[in-house]
Amino acid sequence: MALKTFQVTENRVQGSYAAITAEGPVSPALPGQFYMLRGDWGADPLLSRPVSILAQDVSSRQIRFLIKVFGEGSRRLASLKPGELLYGTGPFGNTFPVDFLSPEDRVLLVGGGVGMPPIVYLAESTKAMGVSPVVLQGGRTEKDLVLLEELAGLKIDPVLATEDGSRGRKGRVTVLLEEALKDAPRVVYACGPEGMLQAVADVCRGRVACYLSLEAYMACGYGVCLGCVVSVRQEEGGRYRRVCKEGPVFSAEDLTWR
Amino acid sequence: MALKTFQVTENRVQGSYAAITAEGPVSPALPGQFYMLRGDWGADPLLSRPVSILAQDVSSRQIRFLIKVFGEGSRRLASLKPGELLYGTGPFGNTFPVDFLSPEDRVLLVGGGVGMPPIVYLAESTKAMGVSPVVLQGGRTEKDLVLLEELAGLKIDPVLATEDGSRGRKGRVTVLLEEALKDAPRVVYACGPEGMLQAVADVCRGRVACYLSLEAYMACGYGVCLGCVVSVRQEEGGRYRRVCKEGPVFSAEDLTWR
Amino acid sequence: MAVEMSVKIGAVRLSNPVLLASGCCGYGLDMESHLDLNAVGGVCLKGLSMSGSEGNPPPRICETPAGMLNSIGLQNVGVPEFRRTYAPKLRKYRTAFIANFYGHTVEEYVAAARALDEEPVVAALEMNISCPNIRQGGISFGTDPRSVHEVTAACRRVCGKPLWVKLSPNVTDITVTARAAQDAGADALTCINTLPGMAIDVERRTFKINTKTGGLSGPALRPVAVRMVYQVAQAVKIPVVGIGGISKASDALEFLLAGAQAVQVGTALFTNPQAPLDILEGIEDYCSRHGFGAAGDLSGAVEDDRSPRRGPVCS
Amino acid sequence: MAVEMSVKIGAVRLSNPVLLASGCCGYGLDMESHLDLNAVGGVCLKGLSMSGSEGNPPPRICETPAGMLNSIGLQNVGVPEFRRTYAPKLRKYRTAFIANFYGHTVEEYVAAARALDEEPVVAALEMNISCPNIRQGGISFGTDPRSVHEVTAACRRVCGKPLWVKLSPNVTDITVTARAAQDAGADALTCINTLPGMAIDVERRTFKINTKTGGLSGPALRPVAVRMVYQVAQAVKIPVVGIGGISKASDALEFLLAGAQAVQVGTALFTNPQAPLDILEGIEDYCSRHGFGAAGDLSGAVEDDRSPRRGPVCS
Ligand SMILES: Cc1cc2nc3c(=O)[nH]c(=O)nc-3n(C[C@H](O)[C@H](O)[C@H](O)COP(=O)(O)OP(=O)(O)OC[C@H]3O[C@@H](n4cnc5c(N)ncnc54)[C@H](O)[C@@H]3O)c2cc1C
Ligand SMILES: Cc1cc2nc3c(=O)[nH]c(=O)nc-3n(C[C@H](O)[C@H](O)[C@H](O)COP(=O)(O)OP(=O)(O)OC[C@H]3O[C@@H](n4cnc5c(N)ncnc54)[C@H](O)[C@@H]3O)c2cc1C
Ligand SMILES: Cc1cc2nc3c(=O)[nH]c(=O)nc-3n(C[C@H](O)[C@H](O)[C@H](O)COP(=O)(O)O)c2cc1C
Ligand SMILES: Cc1cc2nc3c(=O)[nH]c(=O)nc-3n(C[C@H](O)[C@H](O)[C@H](O)COP(=O)(O)O)c2cc1C
Ligand code: FES
Ligand code: FES
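Chains as they are written, first to last, in the working numbering: chain R, 1 to 258; chain P, 259 to 516; chain X, 517 to 831; chain E, 832 to 1146.
Worth flagging that the hints you see were computed from the coordinates, not collected in a lab.
Treat each hint with caution, since some may be false.
Stated by the list, open to error - Derived DSS-like pairs: lysine-lysine, alpha-carbon spacing no greater than 27 Å straight-line:
| id | chain 1 | residue 1 | chain 2 | residue 2 |
| --- | --- | --- | --- | --- |
| 1 | E | K920 | E | K1068 |
| 2 | P | K428 | R | K81 |
| 3 | E | K1079 | R | K68 |
| 4 | P | K326 | X | K764 |
| 5 | R | K245 | X | K524 |
| 6 | P | K339 | R | K4 |
| 7 | P | K339 | R | K81 |
| 8 | P | K503 | E | K923 |
| 9 | X | K764 | X | K677 |
| 10 | P | K262 | E | K1079 |
| 11 | E | K1079 | E | K992 |
| 12 | P | K401 | P | K262 |
| 13 | R | K68 | R | K245 |
| 14 | R | K245 | X | K608 |
| 15 | P | K440 | P | K326 |
| 16 | P | K503 | E | K1068 |
| 17 | X | K764 | R | K4 |
| 18 | X | K753 | X | K608 |
| 19 | P | K339 | R | K68 |
| 20 | P | K326 | R | K81 |
Predicted model only: the values in this text are computed from it and were never measured.
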């Protein structure tokens, strides 16, 4: 696969988030999959950055990303202007397993921060399958709640929680999760900061199937560097799995959290 | 001196040249002086690039540069867009010696390519002194002739030469120089590619005082790295002089061309 | 005039001088959908040991200016599993597969070399000597000329296929280890492996990678690698394969002009798996423009006399 | 709570732990109009020899990814001329001037050390040992532990002021040369000098710098330098001054946490002569945020146990 060249057509910056739309050779993809992205810069930063697909349309060659500024790589990506070029490899990774779902199933999607793009993409995709998911979103404050417009566009009214109570329920997203589990969902899908994912896994353990989309520092994104591994419970095939290839989505039960 | 931050207000690209206007903490400067410039990029490219002052106005905080794309550093500088930031140290270097000039003196300015910005700045400056210079400009083809508008703005009608005859006299700028020497100029100032400068020095040797503004690969621009030296004739103080500090303007007689 | 792109590294003929570096293309299979393996001169497989290794705990990688550190811990499935599961899938390719291998004792090296030598899909072996010798207090084989000689000679005895030795840059004088490998029968030298480095996450006050130190690769390393290739090429008679920070054609050309017969591309594959194709195109174009009829003629073609070295150098 | 920024390097008290590196700030004078020399902890002057040197012919520098190569050839005016013309102009400063010096024989080193020791403006001496020993076939002093010991001991005998030894990274095991210098009486170790590298201009088919090889400096070098500082700090009892690719506060903090007592800023001065001020501000801020009452407490404060090293490492 050659390096794909996209052209940024829109960049809507809100706080530390940038919602970027770009046009280019969009390939068919699934929720949870990601691109390794970089701009037209030199060898510093050297590596491309993993960024989830938020939405895409193959026929109109449009793809969307939501990027939060952490360090230098995300800062540069987030500051790309319309007309500028975005280089990427992908789509990479597995997807959330959904083949066992039937229309009457209750499905919970839990997300926060840069974990929201795959959650929104997954919501769009399960809706298309005829499964209407419940979306729970948590953040420290109101400003950390993202993609609300996109969810509204999908006719999804997310249940919100903020740690400071500035919007939605006061507390962590696991408070919402505990309540939502009472409605006996078939499965929980989650993506967000590691702390959130661990808490979600703890809540779900022994009660409901739970799939988590993980983050890891990545060099290649397509399985050749072995840099992104996470440690898993089962013994066969060694202790480590590549987040970029066997993941980013793992069954919560398989993870040992190191 | 801290790193100065300029904001690009205009970038007029023409072929491989970009005429950049920027606003910021402009210091008083003299023709031949230069800034070390870089943009908001990482450690690659690492070093700032020497770029001559084309024109500046301290009171309106405006400064202008003309940048030609050679490699990666100049490519990035030349592609800066209005609103983007330009970081620089300077002004650095000496200037063309003009204190011995009197209004009736004939003065020849010879330039080509990225050697033109200091020539134009010098023309502006000698005019302000009451000395009207004759400007000779050479290039390979018409496209290599630059800053003609700026010269017109100074009411200077430059004598032009192109190697392919596409504009002005066919041939090198030294053909123009040979003729112009007949009018017994007091001094010749030149800036341009090394080949041109050597030829100008050859023509002037023993006939007329000649000052050349040199280029060299530079790391610091202010005299501390000793990376930019050129070899000089006189023995006292060692064989080498710093182009950034003792130069960029040298008397042609002092240079040994290695 | 067509440029002859094939080159010979000792007895191995490669269709062109650009190979994929070990550890940066897995066992070739994860590369398949991103790059046509037959388009490159060779594929150096991820380092194998007899018993395999689960590798180091994460974090295993971090970025540094124009480079990266890795401490994968040579995770690999082991030679037997490689032969059973992976090698059969490589048979369909015409490209040259170079089996990179390592051990922690001379015996482990020899066992891996012997087993890989028997594997039909393997065109040549590449010995990674940047590994701690557990019999010698953990000092890396590659930094001790006697160990280099010993392990090279021992592997040379048991394998019929060409044996390349991949030198460690973590030495005072790389020509010493290069000659030790040559004298012990190496058929070619791969130059260079990663240079040990460290990075600290100051906010968390921890090391950025789990093992504290990791191997520096990428463009940052290139000037050191080019210097070492030049030194080694002057010091030995066997072919040199250059590697370290190559990401574009001009980078590869630096190594070839400095004396390498072929090059490997590692870290650059991460951002662009098709980088080798651009590099090949650039080499071919360069040959045409500069009047080289064959890529093999580039080797050592830097003009030594243009910039004479004057007196002792200390920067 | 105010942070105590002053640190002690042996007997030398510095007002803060950020110094200007040798060769990157001339004799201080060309820095004056760009940076208040009293604002930094110390100024390491351009390397001096007894007889001076006109330096190497150009081109002397070139850029590499996140780094640069230089081969200035230690151009300097010589100790006598330095004392006559430059030193008097430095007297007005309170900052610590560290006189960097070199030679090509032990006698040359000793002569320079003796003369600089007598210069009142000099607070300490810093010996650059990355120079070819012309009595030993041009092998660098700094790569041979016996030469390091010999030249350090010889200079130690003739100078009353603190003697810092600046280590070369071009060695297999830097703890060996570090200990050799310590055993011979060094008061502190500066770690590290540049790493030899090479770059080729492929279009012109020549070396980019006149002497073919030059010293690599800048961010590219940093992971190697941090690793060496960490190794050396574990191996010796004398203070370590860290250097190599520092351009911002977090870079400096990596060195301090790895075990350095102070740092030097070199190449970063070229793009921003005031980089040391930003670095100082960042260190002070870090100390406040992380509860360090004094910059001196940062030294070695990386948490070693958080990421345990498991088994032998080979990348
Ligand atoms: C599969 C996947 C999908 C992702 N999708 C998105 C997305 O849609 N939008 C988005 O904004 N981000 C996403 N990320 C995260 C994004 O890749 C990182 O934020 C980015 O790589 C940080 O790079 P940087 O240069 O800005 O920060 P760096 O300078 O590299 O690091 C800044 C800080 O963040 C930490 N950090 C960096 N990368 C990671 C990481 N991967 N995991 C945990 N900590 C890290 C570093 O330790 C450091 O403290 C995704 C990551 C993965 C693995
Ligand atoms: C005092 C001074 C004033 C200058 N003023 C201007 C100006 O006003 N406008 C402008 O466009 N340029 C000017 N230059 C030249 C400019 O600095 C270089 O073109 C630029 O540094 C090249 O950087 P790069 O990254 O684009 O090219 P690189 O990738 O660094 O080099 C590209 C090619 O150009 C060659 N090269 C690079 N720098 C130089 C150099 N300084 N001299 C000769 N060859 C070189 C390299 O060898 C290489 O072949 C000036 C230079 C000096 C010393
Ligand atoms: C993630 C990673 C894994 C590596 N694994 C191996 C290996 O198994 N065996 C080996 O000999 N070299 C290995 N290397 C070293 C590379 O083959 C190469 O020598 C080095 O990275 C320098 O080249 P580069 O800058 O092109 O990457 C590895 C490098 C990286 C970055
Ligand atoms: C242009 C230049 C000249 C140097 N001259 C000297 C010198 O005279 N003596 C010395 O000990 N080190 C010298 N060095 C090495 C630096 O002091 C420093 O050790 C090295 O550059 C790494 O640090 P940096 O990456 O911050 O530059 C020089 C470095 C450069 C770039
Ligand atoms: S990022 Fe390279 S294997 Fe996953
Ligand atoms: S560029 Fe550093 S001394 Fe001239």
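How the hints compare with the structure:
1. E:K920 x E:K1068: violated (35 Å)
2. P:K428 x R:K81: The hint is violated at about 45 Å.
3. E:K1079 x R:K68: holds (23 Å)
4. P:K326 x X:K764: Roughly 23 Å separates the two Cα atoms, so the pair holds.
5. R:K245 x X:K524: violated (36 Å)
6. P:K339 x R:K4: Answer holds: K339 of chain P to K4 of chain R is near 24 Å, not above 27 Å.
7. P:K339 x R:K81: At roughly 10 Å apart (the allowed maximum being 27 Å), K81 of chain R and K339 of chain P satisfy the hint.
8. P:K503 x E:K923: holds (24 Å)
9. X:K764 x X:K677: violated (31 Å)
10. P:K262 x E:K1079: holds (17 Å)
11. E:K1079 x E:K992: violated (31 Å)
12. P:K401 x P:K262: violated (33 Å)
13. R:K68 x R:K245: holds (23 Å)
14. R:K245 x X:K608: holds (24 Å)
15. P:K440 x P:K326: It is violated: about 33 Å lies between the C-alpha atoms, which goes past 27 Å.
16. P:K503 x E:K1068: Answer violated: K503 of chain P to K1068 of chain E is near 43 Å, above 27 Å.
17. X:K764 x R:K4: holds (17 Å)
18. X:K753 x X:K608: Roughly 34 Å between the alpha carbons, so the hint for K753 of chain X and K608 of chain X is violated.
19. P:K339 x R:K68: holds (24 Å)
20. P:K326 x R:K81: Cα-Cα ~24 Å, so holds.
Checked against the numbered hints listed earlier, the structure breaks hints 1, 2, 5, 9, 11, 12, 15, 16, 18; every other hint is satisfied.
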